[in-house]
Amino acid sequence: MNKTNPGHYFEDFAVGQELMHATPRTVTEGDASLYTALYGTRFALHSSDSFAQSLDLPRAPLDDLLVFHVVFGKTVPDVSLNAVANLGYAECRFVNPVYPGDTLATTSHVIGVKENSNGKTGVVYVHSIGRNQRDETVLDYTRWVMVNKRDTASPAPEAVVPELASSVPMESLEVPSGLSTSAFDATLSGSPFLWEDYGVGERIDHVDAMTIEEAEHQLATRLYQNTAKVHFNQALAEKTRFGKRIVYGGHIISLARALSFNGLANAIKIAAINGGRHTNPSFAGHTISAWSEVLEKTELEGRSDLGALRLRTVAIKDGSSADFPLKDAEGKYDPSVVLDLDYTVLMPRRG
Amino acid sequence: MNKTNPGHYFEDFAVGQELMHATPRTVTEGDASLYTALYGTRFALHSSDSFAQSLDLPRAPLDDLLVFHVVFGKTVPDVSLNAVANLGYAECRFVNPVYPGDTLATTSHVIGVKENSNGKTGVVYVHSIGRNQRDETVLDYTRWVMVNKRDTASPAPEAVVPELASSVPMESLEVPSGLSTSAFDATLSGSPFLWEDYGVGERIDHVDAMTIEEAEHQLATRLYQNTAKVHFNQALAEKTRFGKRIVYGGHIISLARALSFNGLANAIKIAAINGGRHTNPSFAGHTISAWSEVLEKTELEGRSDLGALRLRTVAIKDGSSADFPLKDAEGKYDPSVVLDLDYTVLMPRRG
Amino acid sequence: MNKTNPGHYFEDFAVGQELMHATPRTVTEGDASLYTALYGTRFALHSSDSFAQSLDLPRAPLDDLLVFHVVFGKTVPDVSLNAVANLGYAECRFVNPVYPGDTLATTSHVIGVKENSNGKTGVVYVHSIGRNQRDETVLDYTRWVMVNKRDTASPAPEAVVPELASSVPMESLEVPSGLSTSAFDATLSGSPFLWEDYGVGERIDHVDAMTIEEAEHQLATRLYQNTAKVHFNQALAEKTRFGKRIVYGGHIISLARALSFNGLANAIKIAAINGGRHTNPSFAGHTISAWSEVLEKTELEGRSDLGALRLRTVAIKDGSSADFPLKDAEGKYDPSVVLDLDYTVLMPRRG
Chain A
1 MNKTNPGHYF EDFAVGQELM HATPRTVTEG DASLYTALYG TRFALHSSDS FAQSLDLPRA
61 PLDDLLVFHV VFGKTVPDVS LNAVANLGYA ECRFVNPVYP GDTLATTSHV IGVKENSNGK
121 TGVVYVHSIG RNQRDETVLD YTRWVMVNKR DTASPAPEAV VPELASSVPM ESLEVPSGLS
181 TSAFDATLSG SPFLWEDYGV GERIDHVDAM TIEEAEHQLA TRLYQNTAKV HFNQALAEKT
241 RFGKRIVYGG HIISLARALS FNGLANAIKI AAINGGRHTN PSFAGHTISA WSEVLEKTEL
301 EGRSDLGALR LRTVAIKDGS SADFPLKDAE GKYDPSVVLD LDYTVLMPRR G
Chain B
1 MNKTNPGHYF EDFAVGQELM HATPRTVTEG DASLYTALYG TRFALHSSDS FAQSLDLPRA
61 PLDDLLVFHV VFGKTVPDVS LNAVANLGYA ECRFVNPVYP GDTLATTSHV IGVKENSNGK
121 TGVVYVHSIG RNQRDETVLD YTRWVMVNKR DTASPAPEAV VPELASSVPM ESLEVPSGLS
181 TSAFDATLSG SPFLWEDYGV GERIDHVDAM TIEEAEHQLA TRLYQNTAKV HFNQALAEKT
241 RFGKRIVYGG HIISLARALS FNGLANAIKI AAINGGRHTN PSFAGHTISA WSEVLEKTEL
301 EGRSDLGALR LRTVAIKDGS SADFPLKDAE GKYDPSVVLD LDYTVLMPRR G
Chain C
1 MNKTNPGHYF EDFAVGQELM HATPRTVTEG DASLYTALYG TRFALHSSDS FAQSLDLPRA
61 PLDDLLVFHV VFGKTVPDVS LNAVANLGYA ECRFVNPVYP GDTLATTSHV IGVKENSNGK
121 TGVVYVHSIG RNQRDETVLD YTRWVMVNKR DTASPAPEAV VPELASSVPM ESLEVPSGLS
181 TSAFDATLSG SPFLWEDYGV GERIDHVDAM TIEEAEHQLA TRLYQNTAKV HFNQALAEKT
241 RFGKRIVYGG HIISLARALS FNGLANAIKI AAINGGRHTN PSFAGHTISA WSEVLEKTEL
301 EGRSDLGALR LRTVAIKDGS SADFPLKDAE GKYDPSVVLD LDYTVLMPRR G
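From first to last, the protein sequence lines stand for chains A, B and C.
Mapping of the first sequence onto my numbering: position 285 corresponds to residue 285, and the numbering continues sequentially without gaps.
Mapping of the second sequence onto my numbering: position 19 corresponds to residue 19, and the numbering continues sequentially without gaps.
Mapping of the third sequence onto my numbering: position 24 corresponds to residue 24, and the numbering continues sequentially without gaps.
Misleading hints may appear alongside valid ones.
No distinction is drawn between identical chains; accordingly, a pair holds when it is met within one copy or between any pair of copies.
To be verified - Capping the alpha-carbon separation at 25 Å, the derived lysine-lysine pairs in PhoX-like fashion look like this:
hint : residue 1 : residue 2
1    : K327      : K297
2    : K3        : K327
3    : K3        : K297
4    : K229      : K149
Calculated directly from the structure, the hints in this document are not laboratory data.
Given only the sequences and the hints, what does the whole structure look like? Please build it.
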């Protein structure tokens, strides 16, 4: 009997199905160091135990996106090994903070299936939950992917398409238990600008840029135990229309977030990802820059020390973030845009 | 007086000689993270403290091959700096598990010497032992290398060639003290196939593949503090017949083991390496895939929860592991084969 | 208002000014592993907890240069973002050892400013101090950089040029509290040569060499959270006279120090950097080798177990360290020289 994992085809998914994903992962200080080496991230809360303690947390939590990539990576062998396309994310909430030594595991529920009219592929919606060793939720999100059918002759299932919120409601954002920014040191954090200083519609060019190397994105994607073949196999890639290994989309998200420090240094924590599109593939050799726009600004109930900003961060390849490229008059993305990410961050207030 | 290490020449080795190798090394969670980033390994026992605890171990032990590379790396300056060729390994046993925080050191005994008929080189056999800070053996193996003579005029020593077992006897395999797989969770480990499901002669194509980058194999080999010049020095390499840096053979072993997860996910631990041949050099740019064959299947005395499988895992460069390439009719290795490894793994049984 | 950091221009610096740099950083075992993977360093004190304990330290301290790079990296956004050139270092002392878990932060005092005669740039001298979470000094150094003026019309400040020692006085070298080398094991450390065996004027070719990859120097420089654009942005680099990303000078210092193990294995600790010049830029693809000269040899007051050696270590690109290249008859550096480092190490004595 074939011992290797063939991945699931469209016919293998049914609404209500629960998938327990393999390879629980203890995340450590070693992962945090690699994450810093891969992206150069400088957000003080994740960089310094002392800084985290000044905000009443026990020590520096792991970067939110490192947690996202580890939780997400586990779903790949069961959800997207035969995926034609990653279509979107929604309703992604960062719940409990993750500390070095925590062990993460992921489960997914199938919440929607819809065959495409071509009869060859279908869209699968899964709601995935990452949990720690105490069974507490650390991350919670919905993702939909286009998957090949094993057999084009198999009948279409009843279409179920879940209703997804266009953004995570502000009232369901989680603030890490105990976190207080009343003693926030904006000199150590790297910017004097707090929640009050940002205005809806404001756009920020993050100035800096980084060129991607093959070794870097491969190291990152393996660190997350993400096994999608397109990222690692040049012999296979040479037979595709790109001729190159494709960079894991999450690598671009992390690069853009790290670059956004220059302009958003006090966005201490990602609370939610409302949606995201990888509008073009990225390859080694691309130089990535980023710009952001403030989409929304909200107080958090019962808190005068902390507010939320909903942001769009756009990553650009080999172009100028200073020009804020996005879409043309017909709404088509500029070819230099590789990521359009809609997410919500927590930022200290003057109170 | 010359302060640098000239390495040992054939005349410097004598049967009975003991070599204490330099640079003890504390291995840590940081090494484990790098190992994951370098190979994308997903074996649950090494990935998760919680999973290790479900098997009654205190926490996730470090990957067996990481231990092998660190123990082996220490022998390079004393044994193989002037080596012409690494001829083989045998009788390699993984004894006590290694945990983050343990400090490893290596000693070697010279157990054989035999001058070659050309009078220019000789073969040296060393038995090396890696020990932790409590002086417990963690790894134990024999290796033989061809070494240059300093002076072709020096007389040949009495030839001593040790008898080496063609495989580590099953009765001398070590199971980590306390390990029990009675509560083994095959969903979390990533495969439903246990010891009973594998048959002698069965061949498995591991499907996945990875392309090697220069930065990756250099980072790996330095992590192991292996100083062999051929891996790092492009200026020197350009004067060789290859024109390129050679990838450390152990890097290929680790890649092949990580790829073998897809088909052998429940091979939770390497207990022994019976022998191995690096049949062709590997270079950056090669895409490595792998296939395995079950050579032998054995019960372990006194254990109904765990069995042993003797495996051959073959690594292929830029070829198709689905064709199971190995040797031609005359017994000559296929040019795509870079590694032919004979080793023994532990795998849970249904009991 | 512009939210991004424009960096400081010459006019922004004034003698007496204090700069508190952003992003405190907890350094960990993960950073130590990455440091080993990046440079292959083998000094036993930093590699092994057991070895460190044999010298009466609690555990292996982090490599001195890792500490230097992290402390230095924090100064970049405030001191050298608009720098035209890094002109020099002096009076750099390594004070308290740094252990995994310590949190480092950096402050700088401006101790000199001098406008250049062209009216377009000026030289700024800063004295920087790295401290741990207990506010103890771990590193202390002076650096001077050439910085652009924002406005060439702005008046020149009164010139203040600090007097800097040509070397750190031996009496102000710090030996880590508690360190004793009375039980020093020269077999484990990798060399029989102790302080008594080195003579002033002695030159050592370190034999080994390493070729730099883009991914390696980028990973290193990001690990240190050093944000200088020239190291990461190929799109920008293509418009410069080099056409390439420049390797962070500290990466070369670390490579040279790691290579110097072969000949200086018992130089267990860097106590001071007296001065250093990056005489030529380094790029990916360069093969770096190194040689050293003993400049001075000093006893340490009250210690018979430990002495100091003042060394010059010269790093060479794509050349032969066996030829000891340095300067031509007119005192101009050989084009193959990329680093001329003057520093002081501690080395065990026979007593």
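Q) How do K3 and K327 come out at 25 Å by Cα distance, when the copy is not named: within, between, both, or neither? A) between (46 Å within a copy, 24 Å between copies)
Q. For K229 vs K149, is the C-alpha pair at or below 25 Å within one copy, between two copies, both, or neither?
A. within (19 Å within a copy, 47 Å between copies)
Q: Could you figure out if K3 and K297 sit no more than 25 Å apart (CA to CA) within one copy, between two copies, both or neither?
A: between (52 Å within a copy, 17 Å between copies)
Q. For K327 vs K297, is the C-alpha pair at or below 25 Å within one copy, between two copies, both, or neither?
A. within (23 Å within a copy, 61 Å between copies)
The earlier numbered hints are all upheld by this structure, with none contradicted.
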